[in-house]
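Colleague: Listed here are the chains, written in short residue letters.
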Amino acid sequence: MKTTIKEQNDEIVVYFEGRLDTAASPQTEKEIQPVLDVDKDIVLDCEKLEYISSSGLRIFLSILKEAKPRGHKVSIVCTNQNLLKIFAVTGFTNLFEFRK
Amino acid sequence: MEYTLTLHNDVQEVPLLATFIDTICEENAMDMEMSMNINLAVEEAVVNVMNYAYPEGTVGEVRIDASVTDGLLTLTIADSGTPFDPTVKKDPDINLPAEERSIGGLGILLVRQLMDTVTYQHTDGKNILTLVKKLN
Numbered sequence: 231m232k233t234t235i236k237e238q239n240d241e242i243v244v245y246f247e248g249r250l251d252t253a254a255s256p257q258t259e260k261e262i263q264p265v266l267d268v269d270k271d272i273v274l275d276c277e278k279l280e281y282i283s284s285s286g287l288r289i290f291l292s293i294l295k296e297a298k299p300r301g302h303k304v305s306i307v308c309t310n311q312n313l314l315k316i317f318a319v320t321g322f323t324n325l326f327e328f329r330k
Numbered sequence: 029m030e031y032t033l034t035l036h037n038d039v040q041e042v043p044l045l046a047t048f049i050d051t052i053c054e055e056n057a058m059d060m061e062m063s064m065n066i067n068l069a070v071e072e073a074v075v076n077v078m079n080y081a082y083p084e085g086t087v088g089e090v091r092i093d094a095s096v097t098d099g100l101l102t103l104t105i106a107d108s109g110t111p112f113d114p115t116v117k118k119d120p121d122i123n124l125p126a127e128e129r130s131i132g133g134l135g136i137l138l139v140r141q142l143m144d145t146v147t148y149q150h151t152d153g154k155n156i157l158t159l160v161k162k163l164n
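Chains as they are written, first to last, in the working numbering: chain A, 231 to 330; chain B, 29 to 164.
Hints may contain errors.
Restricting the straight-line Cα-Cα distance to at most 27 Å, the calculated cross-link-like pairs of lysine-lysine (BS3-like) are [claimed, not checked]:
#1 A/Lys-295 with B/Lys-117
#2 B/Lys-118 with A/Lys-295
#3 A/Lys-232 with A/Lys-330
#4 A/Lys-315 with B/Lys-117
#5 B/Lys-161 with A/Lys-315
#6 A/Lys-232 with A/Lys-303
#7 B/Lys-118 with A/Lys-315
#8 A/Lys-315 with A/Lys-298
#9 B/Lys-161 with B/Lys-118
#10 A/Lys-278 with A/Lys-260
#11 B/Lys-117 with B/Lys-161
#12 B/Lys-162 with A/Lys-315
Far from chain B by the CB rule (all over 12 Å, computed), these chain A residues [unchecked claim]:
#13 Glu-237
#14 Gln-238
#15 Asp-251
#16 Lys-260
#17 Gln-263
#18 Leu-266
#19 Val-268
#20 Lys-278
#21 Arg-288
#22 Thr-309
#23 Ala-318
#24 Phe-326
#25 Arg-329
Please keep in mind that the hints were generated in silico from the structure rather than gathered at the bench.
Built from N, CA and C at the ideal position, the CB exists for glycine as well.
Model the full assembly from the supplied sequences, consistent with the hints where possible.
Modeller: Shown next, in the form of structure tokens:
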């Protein structure tokens with residue numbers, strides 16, 4: 231599992247690559263903490279994400295819960311149909327803005 | 029075809045579970061979507077055991093048995109920990125706004141959504157969770 235953080239224009243983008251499973255989640259959570267200290271909208275880019283379990287979904291939800299009250303949008307970039315179904319059955323499609 | 033894997037209550041062993049499930053899916057010609065859904069449901073059920081079945085600081089085991097017969101994949105997840113029936117746990121309300129959504133409960137929701145049937149029994153001092161998925 232690899233995460234890369236880039237500031238682009240008025241957004242901060244987190245690129246996820248690999249399998250975000252229960253074993254990988256604690257490290258990933260630590261790596262993306264700095265994102266929450268930046269005063270910008272957040273984009274979670276899942277184009278190279280192969281898999282996400284509930285531990286990864288919880289990270290996404292906690293980012294949203296921290297950013298939203300501060301007036302920041304959190305968007306997910308994803309075109310993988312299998313992952314989109316997981317975001318749908320967990321209700322994430324109602325919570326996040328989705329982009330292609 | 030029958031398969032067995034025994035893991036310890038250590039979530040760092042989850043990648044071994046993924047390899048085990050991938051082998052089952054490949055040998056039974058399942059597509060990417062089916063393979064991911066089964067991986068996810070089984071990971072959630074097994075991690076639940078790893079995290080909660082045994083008292084913190086003690087070593088315990090979780091055994092996963094799988095079989096494919098007549099187009100049905102049957103998985104049983106067994107442990108000797110504290111009796112716990114995850115099937116009676118209520119699903120989180122997925123229609124709530126972010127402020128009201130709780131962080132937990134997504135695991136069992138995924139197991140229910142991704143498998144066709146989920147049943148629990150407690151027999152001979154063991155928790156046994158059975159997951160069934162119709163293939164094709």
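Colleague: Each of the hints needs a verdict: does it hold here or not?
Modeller: Here is how each hint holds up against the structure:
| no. | hint | verdict |
| --- | --- | --- |
| 1 | A/Lys-295 with B/Lys-117 | holds (24 Å) |
| 2 | B/Lys-118 with A/Lys-295 | holds (22 Å) |
| 3 | A/Lys-232 with A/Lys-330 | holds (21 Å) |
| 4 | A/Lys-315 with B/Lys-117 | holds (22 Å) |
| 5 | B/Lys-161 with A/Lys-315 | holds (17 Å) |
| 6 | A/Lys-232 with A/Lys-303 | holds (23 Å) |
| 7 | B/Lys-118 with A/Lys-315 | holds (21 Å) |
| 8 | A/Lys-315 with A/Lys-298 | holds (24 Å) |
| 9 | B/Lys-161 with B/Lys-118 | holds (21 Å) |
| 10 | A/Lys-278 with A/Lys-260 | holds (20 Å) |
| 11 | B/Lys-117 with B/Lys-161 | holds (21 Å) |
| 12 | B/Lys-162 with A/Lys-315 | holds (18 Å) |
| 13 | Glu-237 | holds (24 Å) |
| 14 | Gln-238 | holds (24 Å) |
| 15 | Asp-251 | violated (5 Å) |
| 16 | Lys-260 | holds (15 Å) |
| 17 | Gln-263 | holds (16 Å) |
| 18 | Leu-266 | holds (15 Å) |
| 19 | Val-268 | holds (19 Å) |
| 20 | Lys-278 | holds (15 Å) |
| 21 | Arg-288 | violated (5 Å) |
| 22 | Thr-309 | holds (14 Å) |
| 23 | Ala-318 | violated (9 Å) |
| 24 | Phe-326 | violated (9 Å) |
| 25 | Arg-329 | holds (18 Å) |
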